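Peer 1: Spelled out, the chains give:
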Amino acid sequence: MANDHVDFEAAEGEVHALLGENGAGKTTLSNILTGLYRPDEGEIELFGKRIEFNSPRDALDAGVAMVHQHFRLVSPFTVAENLVLGDHRDVGRSFVLRPRAIEARVEELSHRYGLAVAPRARIWQLSVGEQQRVEILKALYQDARILILDEPTAVLTPQEAGALFETIRAMAADGRTIIFISHKLHEVKSVADRVTILRRGRSVATVPAAGATPRSLASLMVGHEIEAGRRQDGGSESGEAVLELEEVWAAGDRGVAALRDVSLTVCAGEIVGVAGVAGNGQRELAETIVGMRPATAGKVRVGGRGVRNGDPRAAIGAGVAYVPEDRLGTGVAPGLSVASNVVLKAYRKPDVSRGPMLRMRHIRELAERVIERYDVRTSGPNVPAWQLSGGNLQKVVLAREFSGEPVALVAAAPTRGLDVAGIETVHSYLRDAAARGVAVLLISEDLDEILMLADRIAVMYEGAIVGERDARVATVEEIGLLMAGGGD
Amino acid sequence: MVNNSLVVVVIASGVLFGTPLLFAALGELLAERSGVLNLGVEGMMLMGAVTGFWAVERIHAARPLVLAAAVGVAALAGTALALIHAFLVITLRANQIVSGLALTIFAGAAGLSSYLGNELHLSGKPARYQFQEIFPKSLQDLPIVGPVIFGQPLLVYASWACVVLIGLYLARTRVGLNVRAVGESPAAADAMGVSVPRYRYAHTLVGGAFAGIGGATFSLSITPQWVDGLTEGAGWIAIALVIFSFWRPTLCLVGAYFFGAFKALPFALQGHGVTVAPELFQTLPYVATIVALVLVSSRATRLRFGAPAALGLPYAREER
Amino acid sequence: MRIERRLRQPWWLTVVVPVLSIAAAFVLSAFVLLLTGHPPLRSFHRLFDAAFTGNGALSETVVSATPLIFTGLAAAVAFRMNLFNIGGEGQLYAGAITGATVGLLLAGSPSPLIFAAMIAAGAAGGALLGAIPGILRAFFSTNEIITSLMLNYIVGLVLEYLIFDSHSYLRDTSGFEASVFPQGKTLPDEAIWSSWTIHGLVLPLGFVLAIAVAGFVWVLYSRTRFGFEVQVIGDSPRAGRYAGMRTRRKIVAVMCLSGAIAGLGGASQTGDFRHQVDPRGLRAANYGYTGIVVAALARYNPFAVVLVALLLGGLQNAGFTLQGADFPAGLVGVMQGLILFCALGGELFVRYRVRFAW
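Taken in sequence, the protein lines are chains R, C and A.
Residue numbers for the first sequence follow my numbering, so the first one is 1 and each next one is one higher.
Residue numbers for the second sequence follow my numbering, so the first one is 1001 and each next one is one higher.
Residue numbers for the third sequence follow my numbering, so the first one is 2001 and each next one is one higher.
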């Protein structure tokens, strides 16, 4: 049950935060509020009147709009086209599009709320932060009275987040209601009027933000006291350089350089965290290291030896394990069984196949061992992978990557979408790996995660490494500044 | 006379022969813009050809009315077939490729169109009424533009109007914007209240209508008889045409006439006393299609000019 | 109406749904027959008789089914990896041509040698043709559906050219009729493929070969590394690349394999049945396209392909036998299409559970 008898109310002109960890039910609630899901039980009241949403259209007409974590923008369209999409309000009057009128309105809204963006720009040309502004403009263009923002700062630098909060306050001052979904305590404190905490599908409490402390909120969220902290242990003794990038350049999907002159070293037993706002080359960095993207210049070395460019098999052979951020689409073949996925990379090894023939029974046994050892919740090794939850899938991926006894591990956004237990599991794997001498490169958008796990932090901005810091002493402000391009 | 020269004859015939391709391609373009791949174009064209021919034989009225009705019947036949495909792939989420192929087999040269054509005894005679040139002889005799522009039957001019209308529709209207969104990002369109299934149904059905008209162009103007399988793969070329027109109507026109010219070339050469083995010549349009497709595909993979991103993928709100 | 993805697919669904689809298609065909004034039950009875139960019908059905097994396997092999090889038709023609050429060239050699050579040549011809869309897809990202389809038309025209318009090696230029009624040269007796008769049922070499190929394909796809890679790449090309698989080479390899199997069908056509290159007959038969129907109905399972090929072969055979004024031409295509539609629609019930909300 994703939402269990949740009571929720928000006032006009209020910024109301929905706090909860991954899997607590925040997204489900907001999907109901925007007409994407229908509640099995219960009712919704808008401005005192009972209302039912049968489709997103109904919600939009009623003035409820949402800015999702994964933007619902049409990439080849311009900003203006995205705003106008589906706008039925004046369909009688203007069957034909009137570009100038639209652009004028866009400029007006931009100015009023501090959301600068060029109406004629195409979405794929915009940065992630700018795309988010377009999403907010969409809601304002449809004159939404209630805006739901789902984890909006996940893709912003600390400074951009500040600008967003200004916008939110401006919208609230206009009498609009903002529902702000987050799992970040300090944000919630700084922007919200009231906070509702969801835990395991239930609403646990609704408190004014002024009186709450991050600690009190955290304990309500999780149900017990937690200690967030930095990497306490001194870390294991770092050994020699295992993974080296030397002046690596690589092209992005659109032909523009995504990696510029990147040089990075990860030593055995070390965890290097790559911080940065999404879209600054992190994905391309991971892909280039593991051979899924050819480097246009520079060299990748593992254990001192160069790895053949653009060849995943060479990287695998050199001992590089990869936990991709796109779990279901890249890390796993979703339609194939868990067993097949366990041997996805190992099928060529002599114990899994004899010559051209696979050793089927051995594969099944291998899978069963993995399932048991890593506590993967599934009814059997022959279940198709898409049925597994995010956390269990990640366990399979991690199990598989470790079974190859890697010397280096590239983990890209490994805890995205996982609940607290899942996140803990992944963190403990990463620490274990480092303890065993694996060179770990952790690429994550979650600065807290990096601060917790990493020995060193490298910050990426526009495809380059703009600064490296010792994680034990770096401050959030410092890192935030680097993330925003305020370089060394 | 320059109008009898090889070049002019090929261009003028090319326009005519390209017209069924153009109709079918425009229809498929609309369907694909909404994200639905319909490989049944050949089958829909054949059904349009046979039903249009049947209508001309059976309906008794003044010539223009009969021809208009025949075109309507052909469009309806194409639409009916497209409805099967639409239901299977939109509502039942079947594999779009297999469904389209099934449509071609069902309605194609060894299927329903053949069944109907033979049952209704439609073969062996020319159409009772045909689409013929409409401009006066004097205009047709003008150098070059005479045969190429003024010497064409009505259907050709209708196709030009369609190119313009569809181009404006897609680029300038709100509904056109919505359908482009449905094809690029059904999730975004759905979140904005655009009904993905409704748009897909509508455009697939209209696509079928156009394919039907394209087929009727064969049986009521070009051939103008009914023969089993008279389209000879035009439907498939039309599908390729959509790809290398980058899903733009004006480029469809250029491409259609290009292929029409290839088709016309052997006949024109024959008229000039050059005989080359006809079969080898007839391979030219197909070879040209492959070559053009290769040239275009390596560019088309670049996002800018590429296919509607959601083409061929079923959309399910819950599965997002 | 709500549609939910099924978590478990009960095995019986994968059998019941296709069977019900066929039944549904028969019902729909009955409507079509009724609408055009043919008595459905009688037509079906005649159909069944001509296909399976009549005198010598089963042997004739085996003859019709043999090429369909080949083209069905060819399609299944490619479609399993999401490679939509529509070129089975042309690849079969290619195999018929190369098989005939070798058969004629080796006149005078011992039969087993000729058979082996024809088989090899047929496979090679089909494989070469299949390689073209494969390479274009793997290295130039060109859509294989259109390219393989265009090649069908091209090879079909070449096929006709070889017999009708040229004085090629394959054309029979002896006899005074030769220039007026162009025909392919007939294979020498030693090149005509053997057959075995069991209890009155004639099993040609091609049929036996087809069954063997089905078994080979099954082993290949379910028990070997090659098959594993095909499964992964077919499911998720990105995951395949992530796992270090050589996706582009695999695409070409699978297209060659698919083409080779279709080419074997062509060689069988020449060696078993037609004994010459027969453009008219081959083009009218549509083996390639029907093979796709077979593969889709069989849900790409090699053994199911054999069964479905026998079913559709029976239909095809009956269609030929009964052809005439009182039996509608084109009915076979209609029925095949209907079967396929119903199967496609039935797929929904295999993958999803449909709930009706009142």
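Please keep in mind that the hints were generated in silico from the structure rather than gathered at the bench.
On a predicted model such as this, the values are computed, not experimentally measured, just so you know.
Where a beta carbon is used, it is the ideal one built from N, C-alpha and C, also for glycine.
Mixed in with the good hints there might be a few duds.
As the list claims (entries may be wrong) - DEER-style ranges, computed between Cβ atoms:
id, chain 1, residue 1, chain 2, residue 2, range
1, A, Trp2012, C, Trp1160, 55 to 65 Å
2, R, Gly310, A, Trp2218, 30 to 40 Å
3, C, Pro1136, A, Arg2248, 56 to 66 Å
4, R, Asn382, A, Phe2216, 18 to 28 Å
5, A, Phe2139, R, Arg308, 18 to 28 Å
Peer 1: For each hint, tell me whether it holds in the structure or not.
Peer 2: Hints, verified against the model:
Remark: the range hint 55 to 65 Å for Trp2012 (chain A) to Trp1160 (chain C) is upheld by a beta-carbon distance near 56 Å. Restraint check, Gly310 (chain R) to Trp2218 (chain A): a C-beta distance of roughly 35 Å satisfies the suggested window 30 to 40 Å. Between Pro1136 (chain C) and Arg2248 (chain A) the C-beta distance comes to about 59 Å, which sits within the given range of 56 to 66 Å. At roughly 25 Å, the beta carbons of Asn382 (chain R) and Phe2216 (chain A) sit within the given window of 18 to 28 Å.
With their beta carbons about 19 Å apart, Phe2139 (chain A) and Arg308 (chain R) fall inside the hinted range of 18 to 28 Å.
The earlier numbered hints are all upheld by this structure, with none contradicted.
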